[in-house]
Every structure is written in C-alpha cells, then in structure tokens.
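Respectively, the protein sequence lines represent chains A and B. If you're matching positions, the first sequence starts at 273 in the working numbering and goes up one per residue. If you're matching positions, the second sequence starts at 1381 in the working numbering and goes up one per residue.
Calculated directly from the structure, the hints in this document are not laboratory data. Owing to the predicted nature of the structure, the values given are computational and were not obtained by experimental measurement. Check each hint, because a few of them may be wrong.
Here are some chain A residues pointing at chain B (derived, C-beta under 10 Å) [to be verified]:
{"#": "1", "residue": "G454"}
{"#": "2", "residue": "D472"}
{"#": "3", "residue": "K962"}
{"#": "4", "residue": "M965"}
27 Å max Cα-Cα, derived DSS-like pairs, lysine-lysine [stated by the list, open to error]:
{"#": "5", "chain 1": "B", "residue 1": "K1408", "chain 2": "A", "residue 2": "K558"}
{"#": "6", "chain 1": "A", "residue 1": "K357", "chain 2": "A", "residue 2": "K660"}
{"#": "7", "chain 1": "A", "residue 1": "K309", "chain 2": "A", "residue 2": "K758"}
{"#": "8", "chain 1": "B", "residue 1": "K1453", "chain 2": "A", "residue 2": "K558"}
{"#": "9", "chain 1": "A", "residue 1": "K558", "chain 2": "A", "residue 2": "K357"}
{"#": "10", "chain 1": "A", "residue 1": "K309", "chain 2": "A", "residue 2": "K375"}
Counterexamples of contact, computed for chain B against chain A with all Cβ distances above 10 Å [stated by the list, open to error]:
{"#": "11", "residue": "D1421"}
{"#": "12", "residue": "D1428"}
{"#": "13", "residue": "D1434"}
{"#": "14", "residue": "S1436"}
Just so you know, even glycine gets a beta-carbon here, dropped at the ideal spot from N, CA and C.
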Amino acid sequence: MNEDYEIIIEIFKEEACELLSEAENSLLELEKAPGNKEAISAIFRAFHSIKGGGGMFGFNNITSFTHEIETVYEDIRNGKIIPDKELIDISLASCDVIREMIKAPHAEPDENARDILASLRKYLSQEKVVTKTPAESPKKAVTTEQESARMVTYRIRFRPFPGIFATGTNPVLLLNELRNLGECCMIAHTDEIPELDEIDAETCYTAWDVILTTSRGIDAIKDVFIFVESESELAIEIIDDSENPAENSDYKKLGEILIEKRDITQEDLESVLGERRLIGEVLIDKGLVEPACVQSALNEQEHVRQIRENRIRADVISNIKVPSDKLDKLVNLVGELVTVQARLSQTAAYREDTELSSIAEEVERLAAELRDNTMNIRLLPIGTTFSKFKRLVRDLSKELGKEVEMTTDGADTELDKTVIERLSDPLLHLIRNCIDHGIELPEVRESSGKQRKGTINLFARHSGPNVLIQVSDDGEGLDKDAILAKASERGSITAGQELSDDEIYSLIFSAGFSTTSNATKISGRGVGLDVVKRAVDFLRGSITIESRRGAGTTITLVLPLTLAIIEGLLVTIGEEYFVLPLSSVEECVELIQKEVSETRGRHILNVRGKAVPYIRLREQFSISGIPPAIEQIVIVKHGGDQVGLVVDNVIGGHQTVIKNLGWIYRSAEGISGATILGDGSVALILDIPKLLMCALNEETVSLNFKYNI
Amino acid sequence: MSDFKVTESDGGGEIVLSGSLTIKNASKLRTKFIDALMKEDNLSVCIDADAGVDLSFLQLLCSSHRTALKLGKSITLRILAKANFLTAVENAGYTRRRGCARDNNGTCLWLGDRP
Chain A
273 MNEDYEIIIE
283 IFKEEACELL
293 SEAENSLLEL
303 EKAPGNKEAI
313 SAIFRAFHSI
323 KGGGGMFGFN
333 NITSFTHEIE
343 TVYEDIRNGK
353 IIPDKELIDI
363 SLASCDVIRE
373 MIKAPHAEPD
383 ENARDILASL
393 RKYLSQEKVV
403 TKTPAESPKK
413 AVTTEQESAR
423 MVTYRIRFRP
433 FPGIFATGTN
443 PVLLLNELRN
453 LGECCMIAHT
463 DEIPELDEID
473 AETCYTAWDV
483 ILTTSRGIDA
493 IKDVFIFVES
503 ESELAIEIID
513 DSENPAENSD
523 YKKLGEILIE
533 KRDITQEDLE
543 SVLGERRLIG
553 EVLIDKGLVE
563 PACVQSALNE
573 QEHVRQIREN
583 RIRADVISNI
593 KVPSDKLDKL
603 VNLVGELVTV
613 QARLSQTAAY
623 REDTELSSIA
633 EEVERLAAEL
643 RDNTMNIRLL
653 PIGTTFSKFK
663 RLVRDLSKEL
673 GKEVEMTTDG
683 ADTELDKTVI
693 ERLSDPLLHL
703 IRNCIDHGIE
713 LPEVRESSGK
723 QRKGTINLFA
733 RHSGPNVLIQ
743 VSDDGEGLDK
753 DAILAKASER
763 GSITAGQELS
773 DDEIYSLIFS
783 AGFSTTSNAT
793 KISGRGVGLD
803 VVKRAVDFLR
813 GSITIESRRG
823 AGTTITLVLP
833 LTLAIIEGLL
843 VTIGEEYFVL
853 PLSSVEECVE
863 LIQKEVSETR
873 GRHILNVRGK
883 AVPYIRLREQ
893 FSISGIPPAI
903 EQIVIVKHGG
913 DQVGLVVDNV
923 IGGHQTVIKN
933 LGWIYRSAEG
943 ISGATILGDG
953 SVALILDIPK
963 LLMCALNEET
973 VSLNFKYNI
Chain B
1381 MSDFKVTESD
1391 GGGEIVLSGS
1401 LTIKNASKLR
1411 TKFIDALMKE
1421 DNLSVCIDAD
1431 AGVDLSFLQL
1441 LCSSHRTALK
1451 LGKSITLRIL
1461 AKANFLTAVE
1471 NAGYTRRRGC
1481 ARDNNGTCLW
1491 LGDRP
C-alpha cells in the first residue's frame, strides 16, 4: 500500500468518525422529537456516506453493517417505521460498532455487532406503518427537505396578457415576488412598445426574461403567477441544478442560449459565425436579434457562471482538509518570520536609516497580518467538542437513574485547535462530576421543589484574548463544610484556618481530593478534578468556581485563545531575558534595598498596606552577579493570591511566539518555553504556577497559603 | 396622490411632471407627451420629487423616446428624486447596457448610467 493511499484511508476514517458524531447528535435530537425530519435525513445521510466510503476502500464489514442501518433509516424517512427509544438505543450502539470497525476495518464483526444487526433486521421485518395526515405526509416532508438542499436555476420568460393592468394586477409586483424567492436577475423586453400615436397607454407591452436561483422549487415560482398564468405566456426551464452539478463553471455559449430561447435560428447563428466580432454585436447590428435578448442571454451566462463558481468554491471550502502537522509547521515558520522581522526593525532603528525603517515597518505590518491569519486557520468552533458530550450525558444519566438534559451556548466560539484538543478531557471530568455529584436523583429534586430533570449547561464566549468556558449545573451545589472537613483530614489546611469561598472551592482540585466515601466507576476517586486543574494549568488558564448550596455550581475555565503566541512582559536579570505571561501580571513596583533590610531578610513587601511575598528570580535561577540598587518586583496573581517576582529591569510588553524547549529541557521547572528576541538572543518564558510551586517546595519563601492549587 | 400635474417651464422645452404618474392617468399623460413633442424639438421631461411612477409610465416614456427618434427630435429625463425613480426602473427590469434596435443614436432612457 503506498503512502498516498494510506493518507486517503486516514482521511476516510477521520471523516467517518465525524459523520458518526453528527449521526449521534441527530439521534439524540430524534429521541427528543421522533418526527424530526431533519434529524432523520441527517442520520440517513451520515450512514449512507460511511457506507459509500467503506465500499470505496473495500471495507466490506463497514459497508454491509451500515447498509442495514441505512435501510432502517430509509424506511423511517419514508414513514414506514416510527423511531422509538429502543431503536435509538440500537442506533447509538450501532455507531459504537461502526466506530470499532473503522479502527480495525478488516477484523471480523464481534458478537455485539451481530446482536445489533439482528435487532436491526427485526425492525425491518416489523415495519411499523404509520398513518399521518396529508399535511405531514412523509413523502412531502422528504421532498421539502430535498428541495431545501437543492438549488436550481430557472430561466423564466413571462409575457403578461395585454389587459393585465385593467385587472388591477401590477406585473412588477409579481417580479418582486420572484426576487423574494432567491437570487434573481431580469431584463424587460420593450420591443413591443409602439410609438405614441399607436400606443394604448393602458395596455401592457412589456415582457421579461428572468434568471432565478432558488431552493423553493418550481411550484413556488408557478404560485407567483397563479392568477395570471392562464392568460399570459409563461415558460419555466431548468438551466442549472445543484443535484446535477457541472464539473466547472463554464456555461453555454451566447449563440446556444439565444437558439434555445428561440430568439434566433441556427441559420441566423451560422450566418454570423465567420465574423471577427462578438457574436452578440453582429447579431444586433444585422437586426437578427433585439439587444435586450442578447443582454438577457449574457445575464444568464454570468448568473449561472457565478452560481457554479460559488458552488465549486463552497465545495472546496467545505472539503479542504489539511493535516494538523502542516499547520504546526506553518505556525513555526510564521514564528521565525516574526523573529526575523523584529531583528529587522531593531537593525533599522539602530542604523537610523529611514528607508530601511520604512521597509521594516511594512514587513512588520505584513508579518502581523500573516501571523493573525495563520492563527485564525488554527481556530475551530468549540461546538464539536460540546456535542461529543451529549451522548455521554445521555448514557451516564441513564446509568445513574438520573434525568439530565445538556444545553449549550456559544458553540460557535472559536479557539485554537490545540486548546480544543486538550480541553476534551477536562470537560469530560467536569461533566461526569456534575452528573454524579451535582445533579440529584429525580425524586430528590422533586422533593426539594425542583424539576425532575436536571440541566447541565456548557457555555463558551470570547473575553479579550481569552475564552471563557463554563460548565454549570442546577444540582445540589458544593458542600463547603464537607470540603473543609476533608481538607482538614488530609492536612491540606490547618484547623481553624479561615478561608474564602474561592479558597475552599479550590481545594477540590487537589490530587486525590474527594468528599465522597463511595467511589463509583464514574467519579469519586479524586482523580478527575486534579486532571482538570493540570490540563488548565498546562493551557495557561485559570479556574473559578461559584456554587450555591441547593441551587447548583458553575465552574469557569478561562483559557487563552491560542497556545502559539502570548502577550508577555519582557524582563531582565543580569544578562538574561525572561518573559512573563501578561495575563498573570498585576503590577510592577520597585524594590529598594532599604525595604529589604526593614523586613529583616523575610521576603515580604508592603504593597499599599498588604503583605505580598516575593521570590528572587536571580536566586531561583542561580544567576550570578550583583543586582541593581533598585530592583523591580512584578506582582503576579495566582489562585487568588499575589506573589512578587524580583527582577533587575522591566523592559515592557512583548508579543511572544512560543517555541518549545525540546525534550532535553523537559525537566526544567518553572519554564514553559522560549522565544527569540529581535537581536537573536533567547528569552525564557516563565510558567508562573509551576515556578511558584517549585519555590514553595524549595521553601525559599513562605507563602501565606498552605495548599497548592 | 391620485392626480398628476404638468407644468411647462418658462423658457419652454421642459415639462415638469408631478403627482401620480400611473395607470390611472396613463391616457392623459400620453396626450401630454404627444402635445409636448409636437411643440418641442428637444424635450426635457422633469420628474418631480413627489412623483409616483408605475410600469405604464415607463412604457409611455419609452414610447415617447421612440416617437422622438422617428420625428428626428430628442427627449431627455431630469429626475429630482433619483432613488425612487431608479428603484421603479430597476424593479421593472428596464435598466440595460444597450438601447433597443430603434435607438440609433444611443439616447435610450434606460442605459445603465442614466437617467
């Protein structure tokens, strides 16, 4: 098997998995509303596409299995079978089977797959026939659905009867109705209008050629003319159909269109073919056709060409797939370019060369644009991640005997693909916790005056350079007393220690922390939320919790839009450069030697009456040399506390393209990456949470909190 | 706006049309155009800002232009509320890139950059 073929198979597998996810979502929709025709069609299409793809690669197991379920959904679509809960269960299980088959396409179907097939066939043999009112007839529904997806371009020639004005009908209003049906261009034929001595001013002499692209079907067009059709001339022809798309945007030649419309004859056309001028002009000049007919044909050509081009472009856009490593390479290259551009700007400034400075500015602008565009390519809507959890919520709540509905808001919020990939696990744990510990059993909810069905809401929105992701439930909320008791038992807090709500809630993210005595297979071992905390730290994000006993809990994750670039604060210690993520920086203050001596060696600073502990990064990183008389303290916020980081100088804001340190430096704690500055020197990017944890462990400072979050 | 009004300019050569230039007054308007073309070699038709037009009026303008061409005269439009008038022309599909076969001097009233 050659490499290209393997790549194509990988693409098929990836697409098939996406289709399965779509089918699962539609199945859940169908479960809620068994008559949801859109969902039925979406499920059918997904299975149909997987079957087709499987067949193309000779994956016979996939083809034959999906054929069965596709047949069931064809019957559902045709109204022969009503989908019930059992069928939804079987269909969801089928998705799991197909997913396994995609992983190992040549493996023999297991017993589970055979059982599901048997259940599906049972359905087919039963064929539960439904009676429906004509208005809801499935045939009509399918037609409507198909119509909605099918864009057809029509050529309409309308010549109203001469006395139309006398009937009170304004033909222009009919044209406006056509315009409302879709994309439309039209031209009036005025050649029948006589001169003033012959004209009957109350007669309609105008006719129209209309080109209309619509998804509404021919009946909708005929409906426009329903009251005038019998007396008028009306011809409607299909000239382009998205269901039978042309391979390219080319359309008929002008002469062909004119002949088709009977504006000229074949002989007329042949008589002008030898001329070295545009056919339309020659035909007009020879009086063989009215200019309006030529313009109408040109309009038709242009309209159809545009429609086809748009369709081809849309197909290309919707189908383009780029391996993610290619994107990563592109981001790296852009990073290099930004670095070179910074060097160029610095050199231009150093040489005081105005021409070079102007070029450097231009390169800077282009590099910034390229960087933003490249970052945008990596952005994906979070909706795909959200929708993955619908199935989880359904299955888990069923398993635990709870009734839970998942709602989502802001599914189209976009963030970096790496962030999305790494977000899946934390969200999974948060949702599992919501269902297991948050949402009460239906009876319990009822007895406390709540609705039987609990709700979990996933919400996402942009907030400056960050994305907020909230997981909320309307369950019983966090039990502060139980958290404090457990923390005390584990020695995470000292007896009598006073903690704010934020601090108490933060305790639940400690490794191994769980207030429940019975670990279920879903949660309770104190692992899940630790995973969440670690993942969010890795993503340079933060977590906050709001909870009200009896009313529910909201966990908010604040994450950067991208991991590739950060807004940083550039500082120096000795000859070394460091970058601190600007999102963590609160303020910068000076550290004067006198203040150090006043605190007798304790690393505590008085900032407007508040004691702020600080870490000397010079000591932390063992940088030799003598610090300046006036040092700078960058105060950062972490987990609700302020900590100062002492540096020699603060240079200023710096947009930083992050480069990985490589595996050799993987164990370097407190450093998340590096960046190359304009002069070619390297600046290390500080990982504030790890740096603080590292400092705590080494007991170089005594922070005023005892727990790690 | 059930009626229309025709005002002849002081120096002649222009008629100002206002009010309802629609099917209700189409026959009367036809007569006015015939009279005006009889008198003027270079007729300017001014459509007042308050004028309302429909397809029958556009047909009359077209007919007047053709008559003028036949008589070796000229007719031009002066529109005081372009947006309204142009909308009516566009909605009726009258806008075009090239005049009809009879428009031998390129004075068609509906060419893209006019009226």
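Status of the hints after comparison with the structure:
no.	hint	in the structure
1	G454	violated (16 Å)
2	D472	holds (8 Å)
3	K962	violated (65 Å)
4	M965	violated (68 Å)
5	B/K1408 - A/K558	violated (37 Å)
6	A/K357 - A/K660	holds (20 Å)
7	A/K309 - A/K758	violated (51 Å)
8	B/K1453 - A/K558	holds (25 Å)
9	A/K558 - A/K357	violated (72 Å)
10	A/K309 - A/K375	violated (30 Å)
11	D1421	holds (16 Å)
12	D1428	holds (20 Å)
13	D1434	violated (7 Å)
14	S1436	violated (6 Å)
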